[in-house]
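A.B. asks: Listed below, chain by chain, are the residues.
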Amino acid sequence: MGKRRIKLLATISLGVFFGCAAFTFVYARGYSYMSDDPNACINCHIMNEQHDSWLNSSHSAFANCNDCHTPKTPFAKYWVKAGNGFRHSAYFTLGNFKEPIRITPGNQKVVQDNCIRCHSDLVDSIHPTNDGQLDCLSCHSRGFHRL
Amino acid sequence: MTGIQQIGEFETDPAVWGVNFPNQWDRWKRTTEDTAVTKYGGSKPIDKIAENPRIKILYAGYPFSVEYNEERGHGWSVVDVQKIKRLGDKKPGTCLSCKSSDTVKMWNEMGAEKFFNTPMKDLVAHADNPISCLNCHDPKTMELTPRNPAFLAVMERRGVDLGKATRQQKRTYVCGQCHVEYYFEKKDNPILHFPWDKGLNLDDIEKFYDEKGFYDWIHPDTGAKLIKIQHPEFEFWSTGIHARSDVSCADCHMPYQRIGSRKYSDHWVRSPMLNVAAACQPCHRWPEQELSERVLAIQDRTKSLLNRIEIALVDAIAAIKACRESGIPDEKLAEAQKLHRRAQIRWDFVFSENSMGFHSPQESARWLAEGIDYARQAESLAKQLIVR
Chain B
47 MGKRRIKLLA
57 TISLGVFFGC
67 AAFTFVYARG
77 YSYMSDDPNA
87 CINCHIMNEQ
97 HDSWLNSSHS
107 AFANCNDCHT
117 PKTPFAKYWV
127 KAGNGFRHSA
137 YFTLGNFKEP
147 IRITPGNQKV
157 VQDNCIRCHS
167 DLVDSIHPTN
177 DGQLDCLSCH
187 SRGFHRL
Chain X
710 MTGIQQIGEF
720 ETDPAVWGVN
730 FPNQWDRWKR
740 TTEDTAVTKY
750 GGSKPIDKIA
760 ENPRIKILYA
770 GYPFSVEYNE
780 ERGHGWSVVD
790 VQKIKRLGDK
800 KPGTCLSCKS
810 SDTVKMWNEM
820 GAEKFFNTPM
830 KDLVAHADNP
840 ISCLNCHDPK
850 TMELTPRNPA
860 FLAVMERRGV
870 DLGKATRQQK
880 RTYVCGQCHV
890 EYYFEKKDNP
900 ILHFPWDKGL
910 NLDDIEKFYD
920 EKGFYDWIHP
930 DTGAKLIKIQ
940 HPEFEFWSTG
950 IHARSDVSCA
960 DCHMPYQRIG
970 SRKYSDHWVR
980 SPMLNVAAAC
990 QPCHRWPEQE
1000 LSERVLAIQD
1010 RTKSLLNRIE
1020 IALVDAIAAI
1030 KACRESGIPD
1040 EKLAEAQKLH
1050 RRAQIRWDFV
1060 FSENSMGFHS
1070 PQESARWLAE
1080 GIDYARQAES
1090 LAKQLIVR
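Heads up: the protein sequence lines correspond to chains B and X, in order.
Heads up, the first sequence is in the numbering used here, so the first residue is 47 and it goes up one at a time.
Heads up, the second sequence is in the numbering used here, so the first residue is 710 and it goes up one at a time.
The set of hints was computed from the structure by calculation and includes no laboratory data.
Among these hints, one or two may not hold up.
Unchecked claim - So the derived list for chain X, only partly shown, Cβ under 10 Å to chain B, looks like this: (1) ASP960; (2) SER970; (3) CYS992.
Every residue, glycine too, gets a C-beta built ideally from N, C-alpha and C.
Using the sequences provided together with the hints, build the complete structure.
C.D. replies: Okay, structure coming up:
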C-alpha cells in the first residue's frame, strides 16, 4: 500500500470519527450539559418525574438541579457532571439499571453539602455534618422529589 | 462553641449555661410543668397503685407496692426522688445517680464507688440542681457526652468505643445512660450495673440474670425469686423499628424546632404525643389525628395484653400460694416458681417501660404472649400439685 493511500484512509477515518462525534454532540444536545438549565436534565425522559416534582416544590423558585446536585467549585462541578454523564450514558445505552433510579452515595453527599451550604444559618445550632452523622435527607426526602 | 459566659468543667447550675444558650434553657425550664397527660403517661404524678390495684399483689414484698407514681419532667428529679416513700431514709447514693447534674461533679470528686455507697440523704444536701446540662453535655465543646459510670463500664465491656460514636448515636446514648434496666451487685454494696453483657433484648437480659442467679426479692406468696425491672426505654427502643431506621431518642422527644431564624433541639423533653407535628410529621407525612390514632392503637393493644398477663399472674400467684398453705414444700414448687419468675420479668419489662409498647410493638407483644403462657403453666402446675 502506498503512503498516499494510508494518508487518505487515515483522513477519511478521522473525518468520519469527528463527524459522528460532532453529530452526536449536537443531536444529544451535549452543549446543554455545560449549563445550569434544568431542561438539560430532561433531555433524557427518565428524569421527567424528578423535574416535574422539583417544578412543583418550594425549591424551584430558588434552586435548580445543579444547586443541589453538583459541588460549587468549577473543577469539582464539572468533575461530578462528567462522572454522572458517563454513568448515565453507559446505563442508558446498555439498559442495565433499575427503576425508579436511585441516587448514589457520592451524589447524596454532594446534596447534603449543598443543604448545609444554603441553610447553614438556620441549622448551625444542630451541628449537621456531611460525614453521614446527621443526614438531612433521612427526614427531608420528600417535597423535592422522591429519592 | 463560644459564648459570653465562661462555663466551668463541672458547672452543675443550668442557669450559668443558660446565659449562653437562652433558647435551650427556656425550653428546659418547661420540664417543670407537671399537668400534661397522655392516655398512658404524661407528667402528672398519677398514683399508679390506685389506678391498678393488681400491682400491689404482683410487687408484694417489694417497695414498689408502697408508692408508685407517674414520673414528672427532668426539672423535678431532685425533689421527687427525696419525696418518694419507697425506701425512706435507706436510699443509697446510687438512687441519686440519674437525678441531678451535681452527681457528675461528685463522681469526679469522690469516685463512683464511694458515691454509690454513701446514703442518699447525705449526698442530697449537695445536689442543688435536677437533671440538666452537665448530665449530657461537655461544657467546652457542647458535645453530647454520657457520664454515668455504669453506662461507660458496660459499653466498654461490650466493646463499644464511645469515642467513635456518631452524633446520631450520642443523641440516644445520653438518654440511654439512665433510661435503662439496672441492678445493684449486692444489697449491701449498691454499685450500679447494667445487665447488657449478653445483649439488650429481654431474652439476653433474662439469660444474664439467670446465669448470675440474681434476684431482687422473693415474692412472699409464692417464694419465687424475682427481678424488679426499672425503666428499660433504651433496651426496648433498640429492638424496634425506629432504632433500625437510625431514629434517636432526641429525634422524637427533643424534636428540632425553629426559634427565630435558627433550628434547635427542643430541650423541653416530653412525650411525642404532646407534640405530634414536630415529633412525628417531619418523617411521617400523615395528618396528626391519624398518627395519634396509630400510636394509640399500638398502646391499646399492649394494654389489653398487659391486663391479660396481670390476671394470669394473679391467678398463678394464688395457685402457688394455695399449694404452700396446704403444706406442699418449696422443693416441689421449684418449677412453678421458676415459671412465675419468667412470666413476671416479661410483664414487668413492658409494664415498667415508658411507652406502653410503642417503642417496640412486636417484641413487647411477643414477651407478653410468652409471659401469659408461663403464668398459666405455673398456675396449672400448682393446681395439679394440690389435687394430688
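A.B. asks: Each hint needs a verdict: does it hold in this structure or not?
C.D. replies: Hint check:
Checking ASP960(X) against chain B by beta carbon gives a least distance of about 8 Å; that is within 10 Å, so the hint holds. Because the beta carbon of SER970(X) sits about 6 Å from the nearest beta carbon in chain B, less than 10 Å, this interface hint is met. Checking CYS992(X) against chain B: minimum C-beta separation of about 5 Å stays under 10 Å; hint holds.
Hint compliance for this structure: no hint is broken.
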